Amino acid sequence: MEFEYARPTSVQQACDMLEEQKEATLLAGGQSLLPLLRQKAVSYDYVIDITQLSERKYIRLEDDQIRIGCLTRHVEVVESETVQKHCPVLAEAVGQIGDLQVRNRGTICGSLAHADPSGDPPLIAVLLDAEIHTRSSDETTTYSARSFYSDAYSTELDRNEIITETRFPVLDSDQGVAYNKWHPSEVAYAVASAGVSVEIKESYITDATIVTGAIEPTPKLRPSVANQLIGVQPTEQTLNQAAIAVAEYCEPVEDFEGSKLFKKEMIKTLVKKSLTEAVEKVK
Amino acid sequence: MEFKEMLTINVEINGDSVADTIPSSMLLSTFLRENQNLTGVHRGCESVKCGACTVEIDGVVVKSCNVLAVQADNKAITTIEGVGSRTELHPIQESFWKNNGMQCGFCTPGFVMTTRQLLNENADMTQEEIAKEISGHICRCTGYTKIIESIEDAAATMEDK
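The listed protein sequences correspond, in order, to chains C and G.
Count the first sequence with the working numbering and you get residues 1 to 283, in order.
Count the second sequence with the working numbering and you get residues 1 to 161, in order.
A few of these clues could be false.
[Stated by the list, open to error] With a cut-off of at most 27 angstroms between alpha-carbon atoms, the simulated DSS-like pairs for lysine-lysine come out as follows:
(1) Lys40/C / Lys132/G
(2) Lys146/G / Lys98/G
(3) Lys281/C / Lys132/G
(4) Lys273/C / Lys132/G
Hint data in this document are derived by calculation from the structure and do not stem from the laboratory.
These numbers were taken from a predicted model, which means no experiment stands behind them.
With the sequences and hints as input, model every part of the structure.
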């Protein structure tokens, strides 16, 4: 692992450096990047450390959105009263990332950009349709998290772009959101995960979103199943049916961590659990 | 702004100011062990799992095998060498010793560093909460039970003081 290193002090400077040196990579918390560099899974001749952009470390409530700057670390999201109050599922999910030391160092926007298929933040961003704001030397762009992930470890980001901020919505009072994952040990990556959001009015589901993660290269929305829940009363039976349907439609990638069948069973369990918890949260 | 292969960093290590010129790609664990001779920073898995290399940067614990030394520039680092002394153990070290919270001792510096942060933040934790908070550490001897008891005991001792 050998590279040249620079530590810009403004976003503009960082963008200009990326523009000039397109073979460079950005380093924030480094909790995903450094292991990859050390294993030589990736190699870069130039590393741009953006941790000096201290003005990018914030969590702000603005226009019914929680704005999180690109250098906000996981631990700050977990402990943020704003996040706990207005989007508790985000604090819960980020609190499940890695371990204490990793959360002390890693950043949520870095995790969104890294696009690990098993990552917790990408799934939550897709579930809540977060806005990902980026900058390059000459333009700013806003992506919907739902169209951001193209493949495992791949996003719509261009090489010269920096995520400057991610905006998560403030949850509605009649909205329940839950997230669950299965991982073989406390610090291992998820083998299967599921996030669910439901809105309930007068005991009928008026809106539903289901996302599965870790089993396929990107987090995946399950609109056909979710739409069938609309207009339905949430009961043991209806929620079960939805979970079985998601398991039926999903196409898990088989690997050393589990067969297709095993992952389908896990997804069924996790979707059911998340649906039940989400409904419970509305009450 | 230029890219650099070597960089001079200024850090405070266990209360002492240190300046050193190092390769940009040097890991913090390498810098602490090889340049600063702080061999209490143990290198175990080298892949962010075992936690033996855990040190504190500006009050929070990190795995030093997964941080660049240049990223510690202008920051304060505490290693196990800065905790307690040869003649007087820190209450956490005392507690690990008294409760058999270690056998071979390889993982212990990391556990002690993390315990310091945990007890600074919240001295009142259940065994389950402790187990969750120390999940970034691996111990191949104790089975963790004695470690968790050591942390509980340290919490009680430190609260008394």
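Here is what the structure says about each hint:
no.	hint	in the structure
1	Lys40/C / Lys132/G	violated (31 angstroms)
2	Lys146/G / Lys98/G	holds (10 angstroms)
3	Lys281/C / Lys132/G	holds (24 angstroms)
4	Lys273/C / Lys132/G	holds (21 angstroms)
Checked against the numbered hints given earlier, the structure breaks only hint 1 and satisfies all the rest.
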